[in-house]
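> Chains as they are written, first to last, in our numbering: chain D, 1 to 432; chain P, 1 to 88.
Source of the hints: derived by calculation from the structure; they are not laboratory data. For clarity, every value in this text was computed on a predicted model and none was experimentally measured. Heads up, a few of these hints could be off.
[To be verified] Partner residues are not named here, just some residues of chain D that face chain P (Cβ under 10 Å, in silico):
1. Pro168
2. Gly192
3. Leu195
4. His219
5. Arg221
6. Ala335
7. Val385
8. Arg386
9. Arg390
10. Pro395
11. Ile398
12. Pro399
13. Ile402
[Unchecked claim] FRET-style restraints, in silico, Cβ to Cβ:
14. P:Glu21 with D:Asn411: 27 to 33 Å
15. P:Thr87 with D:Ala250: 26 to 32 Å
16. D:Arg233 with P:Thr87: 24 to 30 Å
17. P:Arg86 with D:Asp115: 54 to 60 Å
18. P:Glu29 with D:Asp114: 52 to 58 Å
19. P:Arg86 with D:Arg79: 41 to 47 Å
20. P:Glu9 with D:Glu225: 19 to 25 Å
For each residue, glycine too, the CB sits at the ideal point set by N, CA and C.
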Amino acid sequence: MNHRHAAPLLWRDGRPLPRDEVLARAARLGRRMAGDQAPVLNLCDRRDRFITGFIAALAAGRRTVLPPSPAAEVIADLRSRLDIGLTLDDDWVGHHAAGNDEPGPTPPTGLPGDDDRRPAATLYTSGSTGAPTPHERRWDQFVQGARLLNRALGLADREPHHLVATTPPQHMYGLEASVLLPLVAGHSIHAGRPLLPEDLRSALAQLPQPRGLITTPLHLRTCLEESERAWPRVEVTVSATAPLEPELAARAEAALGGAVYEIYGSTETGAMAWRRPTCETLWSPMPGVRLAPADGRWHASGRHFPPCSLADQLDLRDDGRFALQGRDADLVKIAGKRGSLSAIHQALVSVPGVMDAVVLPPPRDGDRQRLRALVVAPERSPRQVRDGLRGRLDPAFIPRPIVPVAQLPRNERGKLPADALQALLEQLGMAP
Amino acid sequence: MSQSALEREVAELMVENLNLEDTAPEEIEPEAPLFGDGLGLDSIDALELALAVSKRYGFQLRADDPENERIFSSLRQLAAHIEAHRTN
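All chains should be built: construct the whole structure from the sequences, respecting the hints.
Next up, the structure:
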């Protein structure tokens with residue numbers, strides 16, 4: 001017996017929405033989008049509307065474009081450079097998907113075939129290194145990636161799980177785990193995007209077992225710190241975007257009762273390796289992923305992404321698993337976004353009134369950390385400097401705090417010696 | 001616009017917990033938006049703030065209820081919400 005099509009795809013207000021019904025509604029919405037080939041910008045915040053809009057665009061043969069950040073200036077910049085035909089948000093999809101039950105031939109309600117090579121989405125790596133870089137994905141690549149993820153999480157031979165995600169669907173991890181995984185592998189997902197611990201607790205409680213949680217170390221830590229109250233049982237938890245300390249993974253397994261997996265990936269590759277931090281330190285590449293060193297960098301290829309080089313250094317073991325060995329010293333990851341310290345420095349010194357500046361990586365590794373900066377700007381307050389950075393930098397990369405100093409201890413060659421900088425930080429009470 | 005005693009206390013909590021040491025608590029406008037263009041906070045800050053509020057005032061903030069959407073709209077709204085729900 002195949003229950004797959006009667007099984008829910010979405011959960012809204014505690015009620016299941018059957019997969020067939022969601023797909024049919026999306027197909028009807030897609031019919032309204034057909035005829036124009038221009039890409040569709042999907043800014044939906046609610047996951048049910050994002051998914052409806054995404055499938056509708058797919059059915060209409062139109063590529064979905066996802067912005068690297070929800071900041072207004074980032075969206076405006078994308079729209080000015082791309083020929084965006086249509087912008088979807090919660091209101092638009094809610095309005096048009098509700099009112100399209102008009103009579104007429106019922107359109108085919110399935111997703112494209114698994115091998116369908118139509119362009120499905122363009123994602124961007126965020127722009128602290130200059131203009132955002134586009135990364136294209138075909139539908140067949142998404143299907144492959146979702147199947148591999150499903151298998152890595154041990155879900156391939158198990159009944160459909162009911163998922164909740166705290167991550168936005170607009171970046172690669174959120175798209176793969178909270179949109180493609182349920183679409184391709186038969187799971188269902190909560191329609192909202194719970195942010196605070198209490199929101200997440202009630203979203204989980206609305207779903208039947210077995211449950212799954214797609215989240216980040218930041219959310220896990222906040223939820224587990226906030227209270228000793230019991231959590232609904234979660235069979236499988238997935239974490240990505242920042243390193244998950246084994247100690248936090250162990251606390252999460254104790255509180256949620258199921259396994260906690262960590263995914264390694266990037267916008268370029270999508271999910272490409274996994275581990276269970278309570279059991280192992282090494283990452284297992286997903287089937288079909290090949291890793292090879294060349295010219296001082298690691299290159300990856302696989303069935304679900306175009307070949308590319310990685311930002312991390314790897315220590316590849318004989319059994320095919322690997323350890324991460326840190327990244328290029330210029331790269332930082334803040335709030336799940338990758339940025340270049342030198343590009344952020346450049347943005348800072350371009351703010352009018354800033355004579356000199358140094359951007360400091362977060363004091364210690366962690367998911368809540370912000371960049372800090374010392375600035376020489378005698379005529380400007382830190383707040384004015386921060387205002388000057390808006391629109392030049394993704395908000396995640398705007399340093400906090402921005403600390404005014406009379407001058408930086410540069411040497412005769414204009415360099416900032418590490419010991420002199422350290423002494424200044426100690427004087428300012430900013431040394432770790 | 002001047003801050004009430006509780007608004008000042010919540011402003012201090014924010015500065016302390018959100019790496020805003022370059023902003024004086026009294027500089028936070030009670031009615032200016034906290035997120036986006038105002039103070040420029042983001043969803044990570046919302047999580048930090050929720051944690052700090054639950055520790056200090058003994059209740060859990062929620063953001064998914066439309067009723068509660070406004071609690072993060074300004075310092076004034078947040079302080080009023082805390083006043084109505086605090087248990088310590």
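> Which hint numbers does the structure go against, in order from smallest to largest?
none
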